[in-house]
Amino acid sequence: MAAGSKKRRRRNPATRLTDDLIVEILSRLPRLPQTLAGFFYTTTSCERFPESARHFTNVTGRGAPLIRPSLSFLPGYADIEILVSCNGLLLCRSLTAAGAVRYVVCNPATEELAALPESSQAGKICNARLGFDPAVSPHFHVFEFVETDVEPGDYVSIDGLEIYSSKTGEWAFRDSGWGGDSWRDTSMLLISVFLNGFLHVFESEHQDVLVYWWLTRRGKRGGGYPYHG
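Be aware that the sequence shown starts at 2, since it is given in my numbering, and climbs by one per residue.
Hints may be right or wrong, so weigh each one.
[As the list claims (entries may be wrong)] Computed Cβ-Cβ distance ranges for the label pairs, DEER-style:
(1) 29 <-> 126: 46 to 52 Å
(2) 20 <-> 121: 57 to 63 Å
(3) 99 <-> 196: 34 to 40 Å
(4) 99 <-> 136: 35 to 41 Å
(5) 169 <-> 17: 52 to 58 Å
(6) 119 <-> 20: 35 to 41 Å
(7) 82 <-> 20: 49 to 55 Å
(8) 118 <-> 24: 48 to 54 Å
(9) 168 <-> 194: 17 to 23 Å
(10) 29 <-> 197: 23 to 29 Å
I should point out that these hints are in silico values taken from the structure, not numbers from a laboratory. Keep in mind that this is a model prediction, so the values were computed, not measured. Cβ atoms here follow ideal geometry from the backbone N, Cα and C, with glycine treated the same way.
Can you build the whole structure from these sequences, using the hints too?
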């Protein structure tokens with residue numbers, strides 16, 4: 002071959018794929034990426050605070066995991082309790098020396114964090130949930146239940162929600178609007194899912210799904226309703 006001749010170009014193998022073959026390949030792919038469920042586990046010990054601790058099992062065999070489950074990048078991390086997670090963010094809670102409740106929302110992958118201002122219920126420990134949907138908005142919301150004790154035990158009246166918006170940086174109260182159907186055993190509010198701007202909380206005793214919303218793009222300023230499933 003002459004020195005001045007051009008090298009033979011390599012063909013891109015992808016150009017040989019037919020449309021039918023591409024459709025077949027895509028149909029075999031999972032719709033959603035694999036979750037990390039099963040890689041995290043919890044241990045409990047009454048000799049430490051908090052009693053429950055999260056751990057991460059590294060199955061890659063390539064050294065330390067990318068995520069530090071101790072959340073040691075958080076100030077005062079030894080006294081922080083992980084409450085819930087939502088789409089990659091964690092809602093954590095701690096008590097100040099004065100006994101006030103403080104919340105921190107963090108991304109353990111990037112070690113970014115946001116310390117929330119105190120709500121109107123800073124003097125008591127409340128049920129709290131996290132809402133975050135990066136496909137809709139880069140902002141998150143924290144839902145804190147506003148409860149009134151009605152009798153000895155766990156039964157309370159859920160009067161509404163204190164809702165924090167990372168966009169405004171403020172808490173806002175929203176009435177539940179339930180009237181006489183607001184009695185719940187809050188110890189049974191175990192499972193929550195934030196989907197399409199709605200917070201769904203499952204209350205196991207009455208098999209109820211409690212639904213709350215907080216998205217101005219829907220033209221709604223907050224509220225909720227119980228749905229008996």
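Could one say that the CB atoms of residue 29 and residue 197 fall in the range 23 to 29 Å? holds (28 Å)
Determine whether the Cβ-Cβ distance between residue 168 and residue 194 falls within the hinted range of 17 to 23 Å. Holds, at about 22 Å.
Verdict for residue 119, residue 20 (Cβ pair) under range 35 to 41 Å: For residue 20 against residue 119, whose Cβ atoms are near 58 Å apart, the range 35 to 41 Å is violated.
For the hint 57 to 63 Å, verify it against the beta carbon of residue 20 and that of residue 121. holds (59 Å)
Could you check the hint for me, namely that residue 99 and residue 196 are 34 to 40 Å apart, CB to CB? holds (37 Å)
Determine whether the Cβ-Cβ distance between residue 29 and residue 126 falls within the hinted range of 46 to 52 Å. holds (48 Å)
Is the distance from the Cβ of residue 82 to the Cβ of residue 20 consistent with 49 to 55 Å? Check passed, 53 Å falls within 49 to 55 Å.
Residue 99 versus residue 136 beta-carbon gap, inside 35 to 41 Å or not: With Cβ atoms ~39 Å apart, the hint holds.
Quick check: does the Cβ-Cβ distance between residue 169 and residue 17 fall within 52 to 58 Å? At roughly 54 Å between Cβ atoms, residue 17 and residue 169 fall inside 52 to 58 Å, so the hint holds.
Is it true that residue 118 and residue 24 lie within 48 to 54 Å of each other by Cβ? holds (51 Å)
In the structure shown, a violation is registered for the earlier hint numbered 6 alone.
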